[in-house]
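Please take these sequences and the hints and turn them into a complete structure.
Mapped onto this note's numbering, the consecutive letters of the sequence shown carry residue numbers 1 to 219.
No wet-lab data here; the hints were simulated from the structure.
Check the hints yourself; a few may be wrong.
[Said to hold, decoys possible] Derived CB-CB ranges, DEER-like:
| # | residue 1 | residue 2 | range |
| --- | --- | --- | --- |
| 1 | 117 | 81 | 34 to 40 Å |
| 2 | 201 | 103 | 37 to 43 Å |
| 3 | 207 | 120 | 20 to 26 Å |
| 4 | 84 | 54 | 20 to 26 Å |
| 5 | 208 | 30 | 42 to 48 Å |
| 6 | 197 | 149 | 22 to 28 Å |
| 7 | 120 | 26 | 23 to 29 Å |
| 8 | 77 | 102 | 36 to 42 Å |
[What the hints assert, rightly or not] Simulated crosslink set (PhoX-like; lysine-lysine; CA at most 25 Å straight-line):
| # | residue 1 | residue 2 |
| --- | --- | --- |
| 9 | 3 | 81 |
| 10 | 3 | 72 |
| 11 | 117 | 2 |
| 12 | 117 | 3 |
| 13 | 117 | 72 |
| 14 | 81 | 2 |
| 15 | 3 | 141 |
| 16 | 141 | 72 |
Backbone N, C-alpha and C fix where the C-beta goes; we use that ideal spot for every residue, glycine too.
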Amino acid sequence: MKKYLSEFIGTFSMIFCGCGAMVINDFTGGTITHPGVAITWGLIVMSMIYAFGDISGAHFNPAVTLGFAVAKKFSWREVPKYMIAQFFGAIAASFTLLFLFPESDLGATIPTIEPLKVFIIELLLSFFLMVVIINVSTGSKEIGPVAGIAVGSVILLEAMFAGPLTKASMNPIRSLAPALASGNMSQLWIYLTAPFIGMLLAVFSCRLVKDENCCDDKC
1 MKKYLSEFIG TFSMIFCGCG AMVINDFTGG TITHPGVAIT WGLIVMSMIY AFGDISGAHF
61 NPAVTLGFAV AKKFSWREVP KYMIAQFFGA IAASFTLLFL FPESDLGATI PTIEPLKVFI
121 IELLLSFFLM VVIINVSTGS KEIGPVAGIA VGSVILLEAM FAGPLTKASM NPIRSLAPAL
181 ASGNMSQLWI YLTAPFIGML LAVFSCRLVK DENCCDDKC
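In structure tokens, the structure reads:
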């Protein structure tokens, strides 16, 4: 139960702070700024990894959980339980933001360019993220002195340059929860598919560039 609660709290914190920064930036006329929003996303993910990495592995993302399972670093039996915890954490955060800022879009991932380009960008962003995660993780746990910094940094980087175009989701639940809370489902299918595909491709790339046992529970 502790690991599921960790996933709930970590995902709640990530969505509340990350999407909250976007909402408050709009609410205050841009005082946080786009770089500030990107930094918020990177720092909250880094902080939650250090807080819960040794308990649940600090996935906070259904696509990451699935990627670890495909890589044989994580039990398939745990996948639905983790995804449920992540879903409720994200939903709780989005509805908390809805209560606080009922007129906002709650940080929904609304693309500003054509859907195919958004799909490609989100797939690549997710690929890059999982490449980092799977190479700094121990088994299915993102732990160690560099894991939080590495993962937080790549999220900050990707949010910095791709955020204005796609909102740099890289996480199906990060897009689904604000969409459900705000009622804005515009192009949601992209954000529910591209991260899974990108992260699975990253897992398969591991087999090509590392030892034969790079993707198993002994890694």
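How the hints compare with the structure:
1. 117 with 81: 34 to 40 Å: Holds: the Cβ-Cβ distance is about 35 Å, inside 34 to 40 Å.
2. 201 with 103: 37 to 43 Å: holds, 39 Å
3. 207 with 120: 20 to 26 Å: holds, 23 Å
4. 84 with 54: 20 to 26 Å: holds, 22 Å
5. 208 with 30: 42 to 48 Å: holds, 43 Å
6. 197 with 149: 22 to 28 Å: Given about 27 Å between the Cβ atoms, the range holds.
7. 120 with 26: 23 to 29 Å: holds, 27 Å
8. 77 with 102: 36 to 42 Å: Holds - the Cβ-Cβ distance for residue 77 and residue 102, about 39 Å, lies within 36 to 42 Å.
9. 3 with 81: Distance ~10 Å between residue 3 and residue 81 Cα, so the pair holds.
10. 3 with 72: Answer holds: residue 3 to residue 72 is near 19 Å, not above 25 Å.
11. 117 with 2: Cα-Cα ~40 Å, so violated.
12. 117 with 3: Distance of about 36 Å is beyond 25 Å: violated.
13. 117 with 72: violated, 31 Å
14. 81 with 2: holds, 12 Å
15. 3 with 141: Within the cut-off at roughly 11 Å; holds.
16. 141 with 72: The hint holds at about 13 Å.
The structure fails hints 11, 12 and 13 (numbered hints given earlier, in ascending order).
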